[in-house]
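Chains as they are written, first to last, in the UniProt record's numbering: chain A, 1 to 364; chain B, 1 to 364.
Accuracy of the hints is not assured; some may be wrong.
If several chains are the same, the list does not tell them apart, and a pair holds so long as it fits within one copy or across any two.
Unchecked claim - Below are the SDA-like pairs computed for lysine to any residue, each with C-alpha atoms no more than 20 Å apart in a straight line:
1) Lys-76 / Ser-57
2) Lys-359 / Ser-334
3) Lys-242 / Ser-57
4) Lys-359 / Leu-348
Think of the hints as simulated: they come from the structure by calculation, not from any bench.
2 protein chains.
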Amino acid sequence: MSADVTRLALPDPLPLDGGGVLDQVVIAYQTYGELAADGSNAILLCHALSGDQHVASLHPVTGRPGWWSRMVGPGKPIDTDRFHVVCANVIGSCMGSTGPASAAEDGAPFAMRFPVITIRDMVRAHIALLDALGIERLHAVVGGSMGGMQALSLAANWPERAGRVLAIATSSRHSAQNIAFHELGRQAIMADPAWSGGDYYSAQIQPAAGLAVARMAAHITYLSEAALTGKFGRNLQDREAKSFGFDADFQVESYLRHQGSGFTRRFDANSYLYITRAMDYFDLAEEHGGLLANAFAQTGARFCLVSFDSDWLYPTAESRHLVHALNASGAPVSFVELSAPHGHDSFLLDVPALDRVVKGFLDG
Amino acid sequence: MSADVTRLALPDPLPLDGGGVLDQVVIAYQTYGELAADGSNAILLCHALSGDQHVASLHPVTGRPGWWSRMVGPGKPIDTDRFHVVCANVIGSCMGSTGPASAAEDGAPFAMRFPVITIRDMVRAHIALLDALGIERLHAVVGGSMGGMQALSLAANWPERAGRVLAIATSSRHSAQNIAFHELGRQAIMADPAWSGGDYYSAQIQPAAGLAVARMAAHITYLSEAALTGKFGRNLQDREAKSFGFDADFQVESYLRHQGSGFTRRFDANSYLYITRAMDYFDLAEEHGGLLANAFAQTGARFCLVSFDSDWLYPTAESRHLVHALNASGAPVSFVELSAPHGHDSFLLDVPALDRVVKGFLDG
């Protein structure tokens, strides 16, 4: 499936939750399917921490299929014969939207001069993009994990902009354990001397070792204990017996090393710092007077929440917490906990029940 | 409580599971309480990954009370008025027993020339120590976490040496997730340029940044999600509002940084590599023809297993798996899952029910 790679310069400076504005913001985005003449069929798809706008087309760096190719396309659950799908790289990221690797006013990369952003800032940039594209009201906003946070933030802060909100495997706030894993990753990056306080762009190398460790930590949280056992157990990697050394004897070690090193070829370490920080700061209730139901007081949207029973990163209890708040605010909400063995990553993987839920909610 | 710090040179080379022998092994150990004239009251206490022989006396480096001061002492659950408690630093560690920081035959530190050891090798060294001390048969062998693995290994491989086996918050093998977390820690250490392939001793600095990250990862696994939430939640550290920066805004971040950096002042990074490797290699069934019950075919000991409902590192299912094997082998075993909110660390913390179980099993 082909798609246009497009970049758009926002016409106005972007106000930020931390104060101040971000000037000359560029948003890289992809669209799939035609926008209807009346503009009624647009879906904003929000990507997760390490995702990007390449939802359903080949990734320009890795050459691999887009991260939700199984879900988005002609005749697929998010049917591009019917819907106009927009997916924008979040600000702070590194696939074309303005982030720490972008040039600041002085021409040098922002690096750590980039402002700390929030999930709401990311969504504010999405809204500015939709404005520029002439999409006044979305048929739906959809996202999993950090994408789900953006969907919820859009519903809470721009309630008139979306008719449906589909949030998968997500949470209304980061727990202490969520923060702990992200802090671990940030410390791994910052401990790498190649990080150099974030000023590594001129050296043409990035703190790959630290970023790989951060990614390894994250990957452990994306899979359930049962999934790791089912996938790897204590199986050895390409050998008959333990080496009594420090090679990757076990398949799970080899897998993690591969995930870690592969990630460093497509992702910027400073972006990892900024995006994890935005997620840790996310607390939808706190933004709305400490009461989560308040966040949805103005919404007229229909909501659908999906959790997975094996997800220990954003467990079902987090989705239930959201459902209770939506109930309290009087919003129509459907909720399903799906059974899938893969852990948090289930939202990206082959879970036919998810396909049915997504299709049913968007078409219905 | 005072105690003699003692080191003993083993008279014979120590055979290793990986092949070969370790020559001139020194074991650092502590004892508490008097050995009975008939030698019948000795308890071998086995320490965990980051523990050492300073069970119930001030730690010489940190100046803090021993790691199980609450459990071991006169009138305490492991009553030193009654029992002679022996605790030895495991080989591979760094508190006086032979490990990677020790001098090899050429006078230079072993560093990564130290052989990869196993849990059974650690226990083999304990047995050699007991031989040297003239302790033929233990009243009991006791340990939590990696200490529990040692207790089980002793029961399986030297079945005549202990009358009782108390294994707390432990497992018969490392799961894929257990291995994953350890591999993450090892990669963090090895990614630190100060590690220098393990040859950092002459530089007088160790790969502290990498070791701190490894320790942070481990600490996340030692506490339950609920314990982290109860202890820290999303509370901010010494500030009224988020800083919109990368300081430790959240208490959980500050806690992890503190745990990480504190650890580097008392623990050797290479020891961390070797000991985590030994734990990852641990698979008691594999050592005994693939059937866990076989491991206990020769035992005449009584067993007591304890797990904690909030421990997700070595969850109750692992203890149950052991209980089933012990039942199959005909060994007398009592098992209790205790309710405690602290996660894996519960075995070190104030859990009065654990005190009663320990005292009851050792005294009964």
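Okay, the hints, checked on the actual structure:
no. : hint              : in the structure
1   : Lys-76 / Ser-57   : within (14 Å within a copy, 66 Å between copies)
2   : Lys-359 / Ser-334 : within (14 Å within a copy, 52 Å between copies)
3   : Lys-242 / Ser-57  : neither (41 Å within a copy, 38 Å between copies)
4   : Lys-359 / Leu-348 : within (15 Å within a copy, 50 Å between copies)
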